[in-house]
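Modelling step: build the complete structure from the supplied sequences, incorporating the hints.
So you can see what is in the structure, the chains are spelled out below.
2 protein chains.
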Amino acid sequence: MGEFDLIARYFTRPARRAVLGVGDDCALLQPAPGTQLAISCDMLVEGQHFFPDVDPFALGHKALAVNLSDLAACGATPLSFTLALALPHADESWLEPFSRGLLALADEHSCELVGGDTTQGPLNICITVFGEVPVVGGKSQALQRSGARAGDDLYVSGTLGDARLALEALRGTLQLPAEALAQARTRLEQPTPRVALGQALRGVASAAIDVSDGLLGDLRHILTASGVGATIRTELAMDLAAAGSRLAVERAAISQEKQLEFVLSGGDDYELAFTAPMSARDAVRAASQLAQTPVTRIGSIESETGLRLVDAQGQLMPGRFSSFDHFA
Amino acid sequence: MGEFDLIARYFTRPARRAVLGVGDDCALLQPAPGTQLAISCDMLVEGQHFFPDVDPFALGHKALAVNLSDLAACGATPLSFTLALALPHADESWLEPFSRGLLALADEHSCELVGGDTTQGPLNICITVFGEVPVVGGKSQALQRSGARAGDDLYVSGTLGDARLALEALRGTLQLPAEALAQARTRLEQPTPRVALGQALRGVASAAIDVSDGLLGDLRHILTASGVGATIRTELAMDLAAAGSRLAVERAAISQEKQLEFVLSGGDDYELAFTAPMSARDAVRAASQLAQTPVTRIGSIESETGLRLVDAQGQLMPGRFSSFDHFA
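Just so you know, the sequences run in chain order A and B.
Mapping of the first sequence onto numbering that gives the first Met the number 0: residues 0 to 327, in sequence order.
Mapping of the second sequence onto numbering that gives the first Met the number 0: residues 0 to 327, in sequence order.
A few of these clues could be false.
The list treats identical chains as interchangeable, and a pair is accepted whether it falls inside one copy or across any two copies.
List of simulated lysine to any residue pairs, SDA-like, C-alpha gap at most 20 Å [said to hold, decoys possible]:
no. : residue 1 : residue 2
1   : LYS138    : PRO317
2   : LYS257    : ALA57
3   : LYS138    : ARG170
4   : LYS138    : ARG201
5   : LYS138    : HIS88
6   : LYS257    : LEU173
7   : LYS138    : PRO32
8   : LYS257    : ARG232
9   : LYS138    : ALA57
10  : LYS138    : ASP238
By construction, these hints were calculated from the structure, which means they are not laboratory data.
Written as structure tokens, this is what we have:
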């Protein structure tokens, strides 16, 4: 099967929102008046971001999910995306479920595939995603990393830690009960981008980021960009622990300390970490309800730079946690 | 060196045109009123699109050039791009010249790097490029593949065949005089995207495509999208033969027949193939002069579908030429 047949069979659908879609030299997009375009780009590599034997349907989902998560962190409404795909060979038994997983999530967010590239090579999936952010009174409504102010509350959506728990189990560094592994694995392989929450937080949150490399590491980007510091209350952060790790602790498969480590620096969670003024607590609650996405307040922003963890007694904990870094 | 240091050192520059550039979850672009955004995406893989020992400066140039060539084929004005890069290891002696080659071409076209991703993995370069096309009276000025009409002239810019000539020499399937190889190799490794010509052809050309997979194969996309056919006069097409192959023929390193094959189906040329009504011949000439890019008329569009080659005597030549296809 030729390259162009491949594209046609699995990835071409009639253009909807785009003026011109897959199959010309360029896709054409007509952004709505009074909007900005938010753009993000993520590359997934076999062995680095997923196991060679991962379910292709789940992989299609995840490849788009991690990109939608970046749009969520900006409060952008998804519009469209391009897909560049390097494949060792044109394997239909892989392409069919991969495209199904990818396009199912795309449809869920009305995010249209408008172009891309396919080539032979070691498996590599590169998606660039486009979203829309309103500009009101000349001011962008995009959530950025740089808006956190001393006194702001610090929140995280959903749950943290299960993606890393599953990763470690699949690597064989720990053993899990089957039920805990199943729950954790879903979080690793099919994360839920918090797109609705991101949009609901426009005009409410002062800064936001998506948690992809681990909470502490990603939070540092907000602190650096905003020129502030933060204190996290670990007993509140523990409320973020996901279902798989709770079960694993219950069954004594991992320690509570390991659970906290995964919450604080696990990685691959694709939740939103964000800040908002104390005066916006009701608005944050309303955004959470509107988006049907739980959020947990875990600490606060301070003028003193640096990141501090305190325990239930208010005692400073030593800095033991570092984040994921692909080249670290 | 960590991933984020890497990005900072080689790829971060202050945002210019973009509202928000490298280093947040998303880049933000504010398209000008009355314009459409043209988007294209190309992935380059080691061993498939370039040799492992290619000069990294040239590779940086080429990675962006092939994307700018897609914008050129749409008549779009370059705005910005994202870069996703998978690297086996963070090698500064590679990154430094690669980023120089990339950003030198970017600067030449005022095309700003606004975001991206770096990760560990087999070398893979994925660029998504953004350009601007005016909309006049509700009508997009983008050049598309579907506008060719019977009676139109068929043109190609610049020269063809040297990229393939160099490729075959580097693969060892033929021997070239050093001077011919040097000329051909520059065309393979540092192609010139015809950005100015594409813009000058807005409102003049009826259809356009960039020649990346070989003239005949790419031309077929125009014919299919437009529902027409074409006849190419091979003695006119031979005028497109590039300097390296002319020298190679002169020195008897390749036959004229091989030269014609490389012109018609060599690939990796990054010239523009386009059609325009006969009434636009003066306008095409003016566009060529404005863009300081030679163009050659090689045939015409006909209502009878299919692609025909005729020799100097007007005799039909047998269809011996096929195009590059990565999965063929």
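> Which hints from the list above does the structure break, by number from lowest to highest?
Replying inline: 1, 2, 3, 5, 9 and 10
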